[in-house]
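Take the two lone chains and join them into the complex the hints point to.
These are the residues of each chain, in order.
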Amino acid sequence: MSAVIDHPGHAPGHDHAHDDHEHGAPHGWRRWLYATNHKDIGTMYLLFSFTMLMVGGVLALLIRAELFQPGLQFVNPQMFNQFTTMHGLIMVFGAIMPAFVGFANWMIPMQIGAADMAFARMNNFSFWLLIPAAIMLVGSFFMPGGAPAAGWTLYAPLTLQMGPSMDAGIFAMHIMGASSIMGSINIIVTILNMRAPGMTLMKMPLFCWTWLITAYLLIAVMPVLAGAITMTLTDRHFGTHFFNPAGGGDPVMYQHIFWFFGHPEVYIMILPAFGIVSAIIPAFARKRLFGYTSMVYATASIAILSFIVWAHHMFTTGMPVTGQLFFMYATMLIAVPTGVKVFNWIATMWRGSMTFETPMLFAVGFLFVFTMGGFTGLILAMAPIDIQLQDTYYVVAHFHYVLVAGSLYALFAGVYYWGPKWTGVMYNETRGKIHFWGSLIAFNVTFFPMHFLGLAGMPRRYADYPMQFADFNMVASIGAFWFGLMQVYFFFWVVVPMMRGKGEPAPQRPWEGAEGLEWELPSPAPFHTFETPPKLNANATKIVA
Amino acid sequence: MIMMKARLQAVAGRIGQIGLTLGALLATHAALAVNDLPGGPGVNQLDLHAPVTQIAADQRWLHYFMLVICTVIFLGVFGVMFYSIFKHRKSNGAKPANFHESTTVEIIWTIVPFIIVILMALPATKTVVAMKDTSAADVTIKATGIQWKWGYDYLTGEGEGIGFVSTLDVSQREQSDSGKPAPVDNYLLKVDNPLVVPVDKKIRIITTASDVIHAFMVPAFGIKQDAIPGFVRDTWFRAEKVGDYYGQCAELCGKEHAYMPIHVKVLSQADYTKWVDGKKKEMAALADDPAKVWTLPDLQARGEKVYAANCAACHLASGKGGGPIKALDADPVVLDADKSKQIHVVLNGQNNGAMPSWKQLSDTELAAVITFTKNNWSNKTGQIVQPSEVAAARK
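Quick note, the sequences are listed as chains B and H, same order. Going left to right, the first sequence walks through residues -14 to 530 as my numbering numbers them. Going left to right, the second sequence walks through residues 1219 to 1613 as my numbering numbers them.
Honestly, the hints are just simulated from the structure, not real lab data. Hints are supplied without guarantee of correctness; some may be wrong.
Stated by the list, open to error - So, partial list: chain B residues that the calculated Cβ filter (under 7 Å) puts toward chain H:
(1) 236
(2) 331
(3) 369
(4) 376
(5) 449
Unchecked claim - Not close to chain B: a few residues of chain H, all C-beta gaps over 12 Å, as computed:
(6) 1355
(7) 1380
(8) 1399
(9) 1504
(10) 1553
(11) 1556
(12) 1594
Said to hold, decoys possible - Computed cross-link-like contacts, EDC-like style, restricted to lysine to aspartate or glutamate with a CA-CA straight-line distance of at most 20 Å:
(13) H:1483 x H:1254
(14) H:1419 x H:1507
(15) B:188 x H:1319
(16) H:1613 x H:1507
(17) H:1313 x B:505
(18) H:1308 x B:500
(19) H:1497 x H:1356
(20) H:1483 x H:1371
(21) H:1420 x H:1452
(22) B:520 x B:152
(23) H:1497 x H:1378
(24) H:1577 x H:1522
(25) H:1360 x H:1376
(26) H:1308 x B:342
(27) H:1538 x H:1549
(28) H:1483 x H:1462
(29) B:418 x B:342
(30) H:1544 x H:1554
(31) B:520 x B:489
(32) H:1498 x H:1356
(33) H:1510 x H:1607
(34) H:1305 x B:342
(35) H:1398 x B:456
(36) H:1313 x B:500
(37) H:1523 x H:1351
(38) H:1420 x H:1356
(39) H:1308 x B:505
(40) H:1308 x B:414
Glycine included, C-beta positions come from ideal geometry on N, C-alpha and C.
Chain H extracted, bound-state conformation (with noise of 0.2 Å):
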């Protein structure tokens, strides 16, 4: 009895406690200033988001509908309960009748739901048609699914041949790490490269993942579709309006889950042939001579930028690692004079998946990131990874 009490004393302390960390929290919350985004979620939003396309303008009214149909529904049988709470009680001196069956009540209110729910569903097979019709699309585009980010490939259509990854913005995974994410309007939904399409075209997202499943999901224009590892799905949108429109996975692939958004950057049609014309020219610079032999300052330098984007998540900037993920620095494969072995695990990957392969990155960029390990943090082994020996260990 004495423990109890003392224990009930405890938890009344932290209960206290917890109750001014409470009113702490809510005053320094109320300081900062988070607004809506435009396109992406606003602030205590209450609603689907404003649709932009027809078919997330047609669920959110059939929302409404469900919505008006199931208060009414609600309020009828839950006024008749509370009625008869208030009304039938004994305290009120209500005596019990008898009655306990009725065949023919019972077909009502088997019938009359029946029907209800045949009105209900008439609408929603329209939309799911419409859906569903994927065909004459005037720009397709694969999503691939990748853990944790998107791999965009412009298939036909204007754009064509353009192809690009998109990653969370790697300062807003730091912060989410340091427990105070600074308070802005597209926290976790910043992306290095979002993907653009153009105004009132008909865009079909082809969808598939090289790992697990992940899902494309753009809540403005009503889409959501799993992207499955060795099979191709496809959804389709045609934006009304040009802007920026934000999503996040939304199907369970791992750790950073949470970290692999979407960012839609629908420009009208001029803008899109002047970003096209600019993609193309910008990868056509970019594209690198996979047969150049690079100085090793060079090659640490571009291999820095490989790991932030890549490699960091995980491994940290510190290289690090943390819990089952492999420290790099001083990690026997990667101070083994035999680079082959290093080669062979960021080209296949290892432990089942859990490090991914990563042939999905060029020869240079794999080379310039293992030259980049092999030279950091206490790693000072000297060795250089040229291009042309990732090339060579793939086939």
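For reference, chain B alone in the conformation it holds in the complex (with noise of 0.2 Å):
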């Protein structure tokens, strides 16, 4: 039985619970310590990351309490940046990064019709590896000169004045990176290597090929980043000038060597969001995805285009004239593929029959927000709009509403249609609308009003700023609050029942439309599933016999 939490005879109709004996569920903390489960890593990775969101969080609500009127009220300057810088790291590395790692261990093996993930032992080390890396970066705010207060884009040559917690820093982030490597090996192996009999690439849900693209993102833009942050340590410690200007050395590669994971990585961040999406749309529109091919085209060219993409994150750097049209050019073409997955959803609910139950409702709202961040992204990829919006509250709000509304919006929305097949009961319908609109309006009053600041010139990383932001600033800390009441609602009324097993016993297939293997087995899933490939009809999404 795979409930998260042991609760013995919770609920009826759950008699599979007894199938499992032989192989049955260990108990204890040997179950998590030792744990090669898939089901219960990912269950693992999903707690890990709502709980650095909450770290991160907080930070985020301290950033914005200081924020809240001109003046420092509650933090020096110094204390500021380290929260800034903070909040960026742990929400991409900790929250954002491994929550959709969790989604790919208790997905991709149910939906491809596979027994577990393929390497079972290194899917449990590279969770593992997570705590030391989150204990050290979260514990360098108690180091001597507190965290790295650099921006979480840790520019030289600013981080070479940073105390030693920026040490600890670039050691997390490296055994982080090694936990991303390893997961995306596991990831790629298991899709390429242990999909039922009849599950080919394109049959395969969106979900797993979105992952799977996301993948060879990852293995491609990690290292880079581990270098660029060794030649940081280097400068630091050992007497090279990388990025030094003092002995020769250039500040502005490092910009470029980061930025060429940090692109790749925005997208990290959104294709698995993309992937959830696109399972959860047709099911509530009852209806096929519209364009599967060119919806798996589209991820890919988006994938490629992220590579040549990166320098619009430097315009104000002063690149020559040609390097500035190139990027710009290549910027706004990403516009074009991901143009084409939003008209695909749309045509995919055109003509359906569509029910709004609250996984929809976040998917719903996941692209319509997501959407204008699409739109603001393409307005800062025109290198003259940028140079007025580069490093101000716009960029701020531009990639907020991507990554919160984007990746954190189909992240809950995977929770809330997902989360009935993993824990064997339904979240409280209610509770989950309540969560939807509370977000969604909480979240605009706070990033709304940071276009305005942006475009009125009111620079990012600020922890004061004229007396004439003083209003959209009140507004945006007042919208931030209530944002992060409502993940702790979330979290106490919807996620904790649901783990404790309180609720309406889920059926197997809850919603009407959805389609895949994972909805052909029990809920909650048991323990073990596909022990044997499973026989599939044509289209790949039942078992047969």
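Here it is, written out as structure tokens:
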């Protein structure tokens, strides 16, 4: 039985729980520390990422509390810079990325009809590496001089002025990078080698496709990040001058290397979200996904284009005119495959038979708000406009529209959609709707005014600001606290009851239009699934015989 | 469960309190009158700054152009989506259709956005080329980002040879720390020495930095250029209107990032010539004779000013420092009979630049500020550091 917390005899109708006595779940702490089961590891990834979401969220609220009014009321500017830096690092490397790996662990074997991930012990290792990394990263607050304060992008040569916590941060990111690479290898091998007979690549659910492409992106760029931060480390301690102008190094080189990682990283955080949404919209429209093939090609095109656009983060460094033009054109090109995806989702909804349970609400919310972030991205891609908006709050608004309303909303949608399969109980629909509407409104109250602040020229990473920016900052801060409370509500009133098995027992296929192998399994999904390869129907969505 | 309830009540109580505080804050806020700052941000400004250069005007036009296209697409796409959401729902009895692919449609909605994107890029290209053309400038000024102030040196054109440092008004920095800054229009934008340029002249700004990356930004001119240590980059503007224009550092540069504003004063040609003459005379008068031997009170008085302008931001007026910032009051290096130790630290910096190098200050200024710290607060060493000693240590 694979419900998250053991609760013997929690609900009727779960006789299968007795089926797996022979290979039953190990008990106690060993089940988790020695975990090799993809479902257990997926659960740990998800809980870990939610914990980090809360830590990063508290930092965000400290930032917003300081910015509530002009003047410094709570922290000094150095502390403020530590908060912005750590908020970024924790959210990117601790919350969003591991959450998607958690989804991959849970869903990929179940969607392709595999018994488990290909490398079960490496899977365990890649999760447990995250714990020391997170402790080191968060613990850096307690080191002399406080946490790293050079921004999450860790631009040289500011990093050379940081205290010992910078080294802790670099090591933490090395470890997280190693964990990501192992996770990616595992996902690629699982998808390419462990599909059930009949599950051809072009019949695979899009979530698997987007993760397959994401995993390649990760393997390509995590070593690049590792290189950049290792060079920072040797500059700091071993007398090299890669980025230190005092010794002939080039600080702009750091930015090129960082963003060569950083831009594909953006797609690493959004492609699996596309996969989740591509599963949910057809299920609630009760209609097959429109343009499956073009969705796969669009995802691949986005991934390839993501390698040739990095310098649009660097328009103000003073590139030659041809450089600016090339990166401007290439960046704008990404709008094309992204647009194709949005059109396909809407075509899927068109003339469907839609209902709007919470997963669908989050998926539609994703579509609507993420696209706004897409448009501001297009505006920022125009080099002349970017000169005005670079490093202002407009950029902050833009990437929160795509990362919070994009990635995070898709994650929420996925939790509501597959949660009943994971835990065996339905979430409370009213609470789900409260969570959705509360989050959606609070999100826009927080981040929409930031577009105006950016247009008016308020630079980001500022602990204090001119009086004219006061009102919008106050509104944003109120929205942020509201948004934070909604996520606490989500955890205690939606997630915890599901984990404790409180709620209606979930049927095997709780969503009328849901298709795919995961819905061929009982709810909650047994500890071991597909121990022998299933025989699939023609379009690989059902088990026959 | 009981604990949960108690916690809930506590939370509810706290929310109530926050609500009250919020109400009070909003009320006080409304009472404070802050006005638009001409050339700087407006109150609750929704748009880019009013342009003062052709480039800024082009940028604003491009932004409107993009905004219109994006809004039209947005309304079109989401009009269809919301129509579908209201029309094709199960509760309305909608039956799902069975179509799920169409190569024609896919090709259309790949080609059409591609064409739109090209149409967007065309006008932008023209502006990029114009922005990058820094040739044939009338006046060239080097802007040096220094943690945390701007140094301006007039390299060529009228005013050649003028150089000064521009720092945020000290009282505004203190107000920020107090947590209750007075509502003035130019809060955090007031500097001691604004950059002065003539109207209708092509001004080329060369940026560089002495420590970390900064960025020189003036929204009304439509310029933002990173100032990178060890490298020079350039940008340009031709201001079309006389007036005061404001910007701030736009690249995270450490603790005081928010406190290194940019103030550009655009003067008519006649006023500019007058300013250049005045500035040159002032500089000649101010140029200290490095061989002069000072008395302790004179040097201390001079040092107090240098301290307030350069050191107080970190070490504080009290000399107590804070956190990783060393206290100067009762510091063994400051009190040391060997004066060269402190001279060395001030000239070369310490801790990887956490204490920066102050080489850019004159011998007299450095001698004055070192003498000041050696004889202020509880430090009563009676030592005098003469400019000549600093000059000797520089070699």
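Going straight from one Cα to the other, do residue 1308 (chain H) and residue 500 (chain B) come out at no more than 20 Å?
-> holds (18 Å)
Holds or violated: residue 1483 (chain H) to residue 1371 (chain H), with C-alpha atoms at most 20 Å apart = holds (15 Å)
Straight-line Cα separation of residue 1420 (chain H) and residue 1452 (chain H) no greater than 20 Å?
-> At roughly 13 Å apart (the allowed maximum being 20 Å), residue 1452 (chain H) and residue 1420 (chain H) satisfy the hint.
Are the Cα atoms of residue 1313 (chain H) and residue 500 (chain B) separated by 20 Å or less?
-> holds (17 Å)
Verify the proposed pairing of residue 1497 (chain H) with residue 1378 (chain H), using a straight-line Cα cut of 20 Å.
-> holds (11 Å)
Closest CB-CB distance from residue 1594 (chain H) to chain B, is it above 12 Å?
-> holds (23 Å)
Is residue 1419 (chain H) within 20 Å of residue 1507 (chain H), Cα to Cα?
-> Since the Cα atoms of residue 1419 (chain H) and residue 1507 (chain H) sit roughly 36 Å apart, the hinted pair is violated (cutoff 20 Å).
For the pair we were handed, residue 1498 (chain H) and residue 1356 (chain H), check the Cα-Cα distance against 20 Å.
-> This hinted pair holds, its Cα atoms lying about 19 Å apart.
Verify the proposed pairing of residue 1483 (chain H) with residue 1462 (chain H), using a straight-line Cα cut of 20 Å.
-> holds (5 Å)
Does the structure keep residue 1613 (chain H) and residue 1507 (chain H) at a Cα separation of 20 Å or less?
-> holds (18 Å)
Against chain H, is residue 236 (chain B) within 7 Å by beta-carbon distance?
-> holds (6 Å)
Going by Cβ atoms, does residue 1504 (chain H) stay more than 12 Å from chain B at every point?
-> holds (30 Å)
Hints 8, 14, 17, 22, 31, 37 and 39 from the list above are not met by this structure, while the remaining hints are.
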